[in-house]
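Residue numbers (this note's numbering), protein chains in the order written: chain A, 85 to 491; chain B, 5 to 291.
Keep in mind that the hints were calculated from the coordinates and are not lab data. Given the structure is predicted, the values throughout are model-derived calculations rather than measurements. You can take every hint at face value.
Some, not all, of what chain B presents toward chain A, calculated at C-beta under 7 Å:
id, residue
1, Gln-119
2, Met-128
3, Val-146
4, Gly-147
5, Arg-163
6, Tyr-169
7, Gln-171
8, Val-172
9, Ala-173
10, Phe-181
11, His-273
12, Trp-276
To spell it out: a stretch of chain B is covered by chain A in this simulated footprint if at least three of its residues, at any positions, have a beta carbon under 8 Å from a beta carbon of chain A; those stretches are:
id, region
13, 131-144
14, 183-195
15, 206-217
16, 277-284
All residues carry an ideal CB built from backbone N, CA and C; glycine is no exception.
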Amino acid sequence: MIRAFAHRLTHKPLQTWLTSLAITFSVGVAAMIVVLAMGLQVTGLSDRVPWGLWITLDLSSIALGAGAFTFSAAVYLFRIKNLEVLARPAVFIGFLGYSSAMLALAMDIGRPDRFWHPIVYWNVHSVLWEVTWCVILYSTVLVLEVLGVIGDSRLGRRWPRLQKIGHMSHRLTPILAIIGMGLSLLHQSSLGATYGVLSGRAIWYKPSLPVMFIISAIAGGMSLTMLASMIVGRLRHQQFLPPQVCVGVTKTIGFITLGYLYMKIWDWAATSYYSHTPATAGMLERLHATTPYTATFWGIEVILGGLAPALILLLPNLCERKNLVMLALGSIVAGVVINRWNVTLSGLVAPPAWSPGVLGNVIAVSYSPSIIELLVALGIVSYALLGFTLGVRYLEIYPRHATHPTD
Amino acid sequence: MAETKDTPNPAEQTAQGAEDSNKALLSRRDILKIGGATLAVAAVSQVVISGPFSADSVKGLERDENGHAEVGKHQWHMAIDLSLCIGCSYCVRACQAVNDVPDDDMRWNIVFPEQTEVGLEFYMNRPCQHCQEAPCTRVCPVGATWVRADGIVAMDYDRCIGCRYCQVACPYDVRRFNWRVVKDENEYVPKWGIPEIERRPRGVVEKCTFCVQRIDRGLSQGLTPGVDPAATPACVDACPVNARIFGDILDEQSPVSKYLKEHEAFLLHEEWGTQPKVHYIRPTDGG
Numbered sequence: 085m086i087r088a089f090a091h092r093l094t095h096k097p098l099q100t101w102l103t104s105l106a107i108t109f110s111v112g113v114a115a116m117i118v119v120l121a122m123g124l125q126v127t128g129l130s131d132r133v134p135w136g137l138w139i140t141l142d143l144s145s146i147a148l149g150a151g152a153f154t155f156s157a158a159v160y161l162f163r164i165k166n167l168e169v170l171a172r173p174a175v176f177i178g179f180l181g182y183s184s185a186m187l188a189l190a191m192d193i194g195r196p197d198r199f200w201h202p203i204v205y206w207n208v209h210s211v212l213w214e215v216t217w218c219v220i221l222y223s224t225v226l227v228l229e230v231l232g233v234i235g236d237s238r239l240g241r242r243w244p245r246l247q248k249i250g251h252m253s254h255r256l257t258p259i260l261a262i263i264g265m266g267l268s269l270l271h272q273s274s275l276g277a278t279y280g281v282l283s284g285r286a287i288w289y290k291p292s293l294p295v296m297f298i299i300s301a302i303a304g305g306m307s308l309t310m311l312a313s314m315i316v317g318r319l320r321h322q323q324f325l326p327p328q329v330c331v332g333v334t335k336t337i338g339f340i341t342l343g344y345l346y347m348k349i350w351d352w353a354a355t356s357y358y359s360h361t362p363a364t365a366g367m368l369e370r371l372h373a374t375t376p377y378t379a380t381f382w383g384i385e386v387i388l389g390g391l392a393p394a395l396i397l398l399l400p401n402l403c404e405r406k407n408l409v410m411l412a413l414g415s416i417v418a419g420v421v422i423n424r425w426n427v428t429l430s431g432l433v434a435p436p437a438w439s440p441g442v443l444g445n446v447i448a449v450s451y452s453p454s455i456i457e458l459l460v461a462l463g464i465v466s467y468a469l470l471g472f473t474l475g476v477r478y479l480e481i482y483p484r485h486a487t488h489p490t491d
Numbered sequence: 005m006a007e008t009k010d011t012p013n014p015a016e017q018t019a020q021g022a023e024d025s026n027k028a029l030l031s032r033r034d035i036l037k038i039g040g041a042t043l044a045v046a047a048v049s050q051v052v053i054s055g056p057f058s059a060d061s062v063k064g065l066e067r068d069e070n071g072h073a074e075v076g077k078h079q080w081h082m083a084i085d086l087s088l089c090i091g092c093s094y095c096v097r098a099c100q101a102v103n104d105v106p107d108d109d110m111r112w113n114i115v116f117p118e119q120t121e122v123g124l125e126f127y128m129n130r131p132c133q134h135c136q137e138a139p140c141t142r143v144c145p146v147g148a149t150w151v152r153a154d155g156i157v158a159m160d161y162d163r164c165i166g167c168r169y170c171q172v173a174c175p176y177d178v179r180r181f182n183w184r185v186v187k188d189e190n191e192y193v194p195k196w197g198i199p200e201i202e203r204r205p206r207g208v209v210e211k212c213t214f215c216v217q218r219i220d221r222g223l224s225q226g227l228t229p230g231v232d233p234a235a236t237p238a239c240v241d242a243c244p245v246n247a248r249i250f251g252d253i254l255d256e257q258s259p260v261s262k263y264l265k266e267h268e269a270f271l272l273h274e275e276w277g278t279q280p281k282v283h284y285i286r287p288t289d290g291g
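Chain B on its own, in the form it takes in the complex (with noise of 0.2 Å):
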């Protein structure tokens, strides 16, 4: 079969024919050759910058080169008192309202009864747990989820790719995927709030932000979260038994320091060393 190949054959020739008269129009294939070497060494010049020197990355990982978060003038924690919730699921829906969560399978926030191993009931909460040492920012191939310099575990949702590599990192199951356009009525609004962010688009991953919009704007306002019902999130306004308490960590005077230090509260698996910064108080009999 190859054998055949050796006398020319009519489309080499035009080959050939196509390059001669290119010869007279020499400037154009060297504009073309010029233009192909300026567009390669831009977009070479444009991964590098925007890659590990631009602003932008180092604003959005605020990260030392180890990896681990800078730790700012805030540190937002929660504490989640099992021994006061009673289940009743408001903070689930205001939750749902105020983020825009219509899907009830994609909950942020969940809450579901509960029994220890002696047999005694109890309701137990789970939003995000805004590990310091977050497995799932640590693995994310765009950089587009990091632990802000407050301790906030976010998320960029214009950057993500939607690998869902965050998911599988995350032991906590916090993280929720956009699997469809979610174009459901949210049955929550107005009822338990109204929605302070938006909608997120198919293919992104979703999560728990500690509603870091009110955090933000409040402190902006002079307001303090965990304070100010306008600058703390959604959930613990929600409230009606103060299960749920929230505040700056590195300010003695905050809701969640005095809390913390006059009851014993427990973090979830804190042998993974994620050092989440959701403390647990246990359950008791007496609720």
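Next up, chain A with everything else stripped away, as it sits in the complex (with noise of 0.2 Å):
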């Protein structure tokens, strides 16, 4: 029985991950429903560590989707015809982490029969207000562009005026993407702001991270839809990108990479190392004592997830060993998820000390996620996953044939 169900396994993989994930979408939709129902004391959550995993899951899901703005800005703005291929790819990638996104917010906030409290109570001077009126518009750019997708898929031949939509979406594709690009710039760098904004936690307050979070956004958005491409490509055994096109981008990813590490290097130097004050320094100092952050932040932020892959892809030759360039490319992927989680937690664990005495509040307090807190991100990423096989079987994500002859 075992052998007839691994010969089931290994002869049927696209039936057994779609079953597996529709498994684990399942599962997710059970916690969601138990987080609706019971309210957010299901989360490992407190008053000291209000934001975690879901939160790191946004921030990631939206860094991650910013391969599309990149690659329709490079396609459609700059006229880089050579990467058309990503562009469609890229876009749908950034769909569907925009709506894993929201899918997170719902669940993460109090409140989700207010969602849509932003829209209409404004409040100007918060980050957050501008971060969510660019998520928004943004979202509704990814669902145009989309649209154009699908109106070109079988699901256009079927019904016309979807066909129709789809054109009207083709002729506003650059406008689209220059709408995109500004908004992208905005939100993504605002994201980081939303820490960096934050005079009371020390270790957050910087301008720095605004821009780090962009570029570091650039770097995980373009790897992953990179990434996903070089997948497909080998299911289909198909090769979609010229061999000097590929050494272009992943050199480029890897360029971007080590400059993104150049200015976390100095925004460490200048806060940490350089400098003193009390408020980081004791932060870091608790956060070194209770938790592994240290470690975390050099050994897989920076070195795994930054300087290690970046270097690999300024190797010479690189396309032939396409194994190695997937590794560094889902290596920059991971570091971009651990960035943020280490970012979140980072000033949450360690609270400024604001007792005039030296014992009350100076405990680092701990989080760990719920089961259900898990669940929900596992049923999350799960939709993610099977958006994007179902989206590359019956949407013309990729093209059809293969331009170029696979190796």
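Join these two chains into a complex; the hints should help.
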């Protein structure tokens, strides 16, 4: 029986993949219902650590969706024709990323029934208000762009009206690319500013955070688009990009990642090595004493998620070593996710010491996500993977026929 | 696979058919279009009108264009004399009763044993600091919390969406989130007071308000907050050693103005630039 099962698994891998995603997605939906029914008491969050796994998921999926605006701008504004094949997957991944983020946010706010409040009640002094508006508007842009893709697909051939909408969206493409780039440049960095403007939390309070957020988002978003395309290419025995374009893209990602690391190192050096402010030093000390922050910062964020993959991507003759490229791209993606987790949690688990005494509130607080929180996150990730798989299969995200022979 | 779709399929034909029959009912279609457009215009104008230009927003936020709170004719401040506090926690219980906070983990006002760097023991008190440049109010994406013209950092529980950014922004840890529906019986009622405000629903953030309900009602009755107990925060009234002093800092004769003139006070982390309205007097050996 086990052999029969194994046989089925290996011979119908797509079916197995889809089935497991459908199962994890359903489990996630069940967990979401529990959250809606019971409220956020089912999470591991607390008043001291009010943001956790879901915010990390939000920030990550928006950051990794940045490939959409990057490649759209490259193709439709800067007219880099060679990259055209990546524009669609990038937009589609962006759409999945932003919708995942919205799903996670809907779970995370205490009153999902008031999700529309930021649209009606404005606080223009809130960076989160700006983020909310940009994300809503940019999601609309992504929906329009995806409608174009759907119009071109079999669905479009089946329903002519869909095709008509698709054509309209195609005509809008350059305008959408401009709007999309503007909105993305705004909110990708404002997400960093969400932390960067909090003057009471020394470890966050710095102008570098918004800039580092957008640069890492561009590197991570490009990496994810490239990685997904390489995986699809391998499964379909197709090669979507001519080798020199592939090298061009991966080299660009390598350089952007190095640029990001350069900023990151100087950010660290300027705030914690060459200078000393009691608040920052105190928070870092507490983090070092109670969490693996120092190790994950240097080991995972900087070396495994940044320096090592960047250097790999800058090696010569790279596109022959596809596995290595994919590993490097995956590491950059993981590095971005770990970074968003580290940024969020570092400011929260070592709260500022406000008491004038020495006993009171200097205890670092801890946070670990609850099972329900993990299941919801798993469900949202499954949604994105399921969406991508079905999209690749039923929409023409990638060209049906390889323009470049496989190796 | 795609090739098989070249012949028109039944679904397409029915769609075409439906379109043809629609032509006879052109007016219905037009009505739908006009209706849709009207709805869209209404929705957009609703957003614009109720956004930055709404009377509601202007009243609610009480801010100038740079986001700083306007300063009205009163500024409510509190002084807490740490050299007097005996750690009895009467203020904590009175607050929980009057503001109906049955859950001890959600206390708006906390008192705990502390020690100075030289080992002097004292009791630290921490209500909301009511910062004039409150980090929490700036960040709220819906303007559900703001600095009133009288300096009080207020909350609109009906507007709050529960994103908890204000909790993340507040460096003094004063904000509490309703993680669950709090149905618990309030053990501090009626011994320490009677609830004066409604209990908050699940999913919103709440905080110390300097008992704003007492101040607003008291002023309308001609009472003086800080002097008349009915117009003064419950914690101040409850203190048996008068370690908490309240009043209008713009009024030189108010208890808090007089107290601060006679005692040297400090603010919690003045260097953060938050401009708190709670002043602390240092603990001493004598206590």
